[in-house]
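Asker: Residue strings, one per chain:
2 protein chains.
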Amino acid sequence: MMQAYLDSGMTGTAVFEFFVRKLPAQRNFLLSAGLAQVMRFLQEARFEPAELEWLRTSGRFSESFVDYLADFRFAGDVHAIPEGTAVFPNEPVLRVTAPLPMAQLLETRLINLLHTSVLVASKAARMVLAAPDKRLVDFGLRRAHGSEAGLLAAHAAYMAGFAGTATVPAAPLWDIPIMGTMAHSFVEAHEDESRAFLDFARSRPQEVVLLIDTYDVRRAARTVVDIAPVLEREGITVKGVRIDSGDLPQLAREVREILDKGGLPHVSVLASGGLDEWKLRDFTDAGAPIDGYGIGTALTTSEDAPALDCAYKLQEYDGRMTRKLSSGKATWPGRKQVWRTYGSDGSIAGDVISLEDDDQPGTPLVEKVMEDGRPLGEVPTLAAARERAAAQLAALPPRLRALEPAEAYPVAVSDLLQRTADEVAREIDRRGHRGEVPAK
Amino acid sequence: MMQAYLDSGMTGTAVFEFFVRKLPAQRNFLLSAGLAQVMRFLQEARFEPAELEWLRTSGRFSESFVDYLADFRFAGDVHAIPEGTAVFPNEPVLRVTAPLPMAQLLETRLINLLHTSVLVASKAARMVLAAPDKRLVDFGLRRAHGSEAGLLAAHAAYMAGFAGTATVPAAPLWDIPIMGTMAHSFVEAHEDESRAFLDFARSRPQEVVLLIDTYDVRRAARTVVDIAPVLEREGITVKGVRIDSGDLPQLAREVREILDKGGLPHVSVLASGGLDEWKLRDFTDAGAPIDGYGIGTALTTSEDAPALDCAYKLQEYDGRMTRKLSSGKATWPGRKQVWRTYGSDGSIAGDVISLEDDDQPGTPLVEKVMEDGRPLGEVPTLAAARERAAAQLAALPPRLRALEPAEAYPVAVSDLLQRTADEVAREIDRRGHRGEVPAK
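Same order as they appear, the protein sequences are chains E and D. First residue of the first sequence? That's 1 in our numbering, and the numbers climb one at a time after it. First residue of the second sequence? That's 1 in our numbering, and the numbers climb one at a time after it.
Next comes chain E alone, as it looks inside the complex (with noise of 0.2 Å):
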């Protein structure tokens, strides 16, 4: 496709922008997220010489268009709605605009990356809503779709208010705090559990949680009473104890009052295993004596809702605007921009998607952020993007907080839009009905 692109010269400018056409049925609304990863990648998209040389020996291209790929230097303008930013059906989060062949190159990968994020980023949301004041900590690396995706999916749930992963490689990449875990088999691998508990505290005297749920809970939360003294004298605090299996708030009660009783009131209580946002807010709900969850699975393959309805479409090319018209996916021409108005309490109230120019009342959430090829001033931060995050979790209408479906949020079309659209289509059907076919 980008072959005939260039032989046939069509390199105007092209305007592309990514959005979700509509909402899962289990999503009230999305969080932006992914713009990090996408900057990152834009400015480092480059052709390695062995893919070159594979790429000419394969038959399939051009020797010119092998050249246009070697030179390859994103050098386009990005507009985004910023990271953090809860983001609803045709709202542009990300806007591309560079010569035609540039920025369809980059299709497959804008939306890879954007689409995980969001996915996994929407998701931990719900799961923070849930359990409100509750450490949250991401262990689904194992679980995710290849290791990529357990990588953004510890990025978007901090992003989104988790406290921690338990991804390793995140922590040099990105600073998010590191949670370290114990498996069963550390315990199995011991021929006694207290043994077990030993060692892995002198170990890491830094962060003892202990794994209580290889044989069983109620016998090692008092092995956890009997040991921690002796670790105490040795300068080590255990510090929580982890329940991976079975009734989880009722043995949360059980473990706590073991660990009352037994002169260890500042021993956390933390619960994991096929955790999702609902069971977060039945046990919150129950007023289970838990401190924090590892959530696993749910999280890192949005397990109830895996993938979003989501485009990466052309919205104009050489100064005309262009939509489709196909069944059910029907776009919305031109360049965007979203307003967003706020009610008296502070929530958000409504958007309005418009063409860039035509203002509308309430605040634009569509900015720059890289002109020609380059980052438009500081690069935002993560620790910005989770600040906003928790501003617009807490700025969203109760009904869109709930995890059942709610009444959709209020996304109106401007009238100019519209008229765009319409007049746009017209068009199309004018030019399609000329129907001659164009000699070479």
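One should not assume that every hint holds.
Remember, identical chains collapse to one label, so a pair may be satisfied in a single copy or spanning two.
Unchecked claim - Under the rule of at most 30 Å between Cα atoms (straight-line distance), these lysine-lysine pairs were calculated in the DSS-like manner:
no. : residue 1 : residue 2
1   : K134      : K329
2   : K279      : K22
3   : K368      : K134
4   : K261      : K368
5   : K279      : K368
6   : K279      : K329
7   : K22       : K239
8   : K239      : K329
9   : K368      : K239
10  : K239      : K134
11  : K261      : K239
12  : K22       : K261
13  : K134      : K279
14  : K22       : K329
15  : K279      : K239
16  : K329      : K368
Since the hints were made in silico from the structure, they are not lab data.
Based on these hints, arrange chain D on the given structure of chain E.
Answerer: What follows is chain D alone, placed relative to chain E:
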């Protein structure tokens, strides 16, 4: 955890097995997959200088532990059920035998690779069964969770019987056929749809498949009839058209008629857009004149079941068999073999899981594939795995080949394994009741 193993001198031989605890409700079988990626990972696993430096300066790990990681090379044995084999709950898809810290270090990545590959191969197999004799192509990189997931999916889907992928980097990596695609933006960027078709065909004359649903499918099909003779005179044959939206069987019938009447009976009709195995089966049952399918999101995210309840568990340490007794997650101890029996019609009839040397009737499935960190004999090819998968799908009993949940395939546990498991549980209980606190 590894540091604790090293600190306590727990470097005896450990045996870990990877298995799936139970099937998702929507799966009647799984396909073994991911072994090629695991074997490559095990041969290449190293810590890079920058990673070691971070570990050294993070303040979390001891100098001797980081030195251990600096020298890390996998030197253990690996047993596995070959890729493309139908597998069922509790069957050891992979076994690692290595010093405890070495085998433990691999846990997260092995689960991550095997889980993703088994997940997508098993989903792909359902699609292959639902659309016999159709060409299925993986279109799913964009909505895969990160780039690695997309690559693993291309590999897994091809193994399960897909004809190819649109993920270009899968071709140089594994020699998987790639199928180019044309996007709606290509049509939109041109002022005229027929001009877009001509440009595309002339730039990539080897494989002309035209996307005909950007505006109006029937009109675009008639445009193809108009331009095909023009291209034919230039020596370019239109191979197919693709419909990506709308009522696909109905549109396919109309398009087939337009093409046939227009003298293009050789032009294939392909369909894509939100397809899954259920839609494929409906289209098959309806006799829709569709020759092939592009399948994206449902495949690469395994959308209806995006995770498997799988684990990598310690089954033996230093000659002593181990097991978890956690609620709902108890494991079978020891090094295991799976014995498969076949019915008189050649279909698979039942499996028995036993300890390794406890021979049972049937064919053993678990084979040794690596010794002392090196592949044993020829590394099995993707082509061989693909052949095995085709044979295994053909050997599934009809109820398991159906998309609907079926009566479970019988997987028994040998008497000796059952007695051994009971004995290990009693032994754990005995040790637990000793209850003394070992001194440092």
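Asker: Hint by hint, where does the structure go against what was stated? Just the numbers, ascending.
Answerer: 3, 4, 5, 7, 9 and 12
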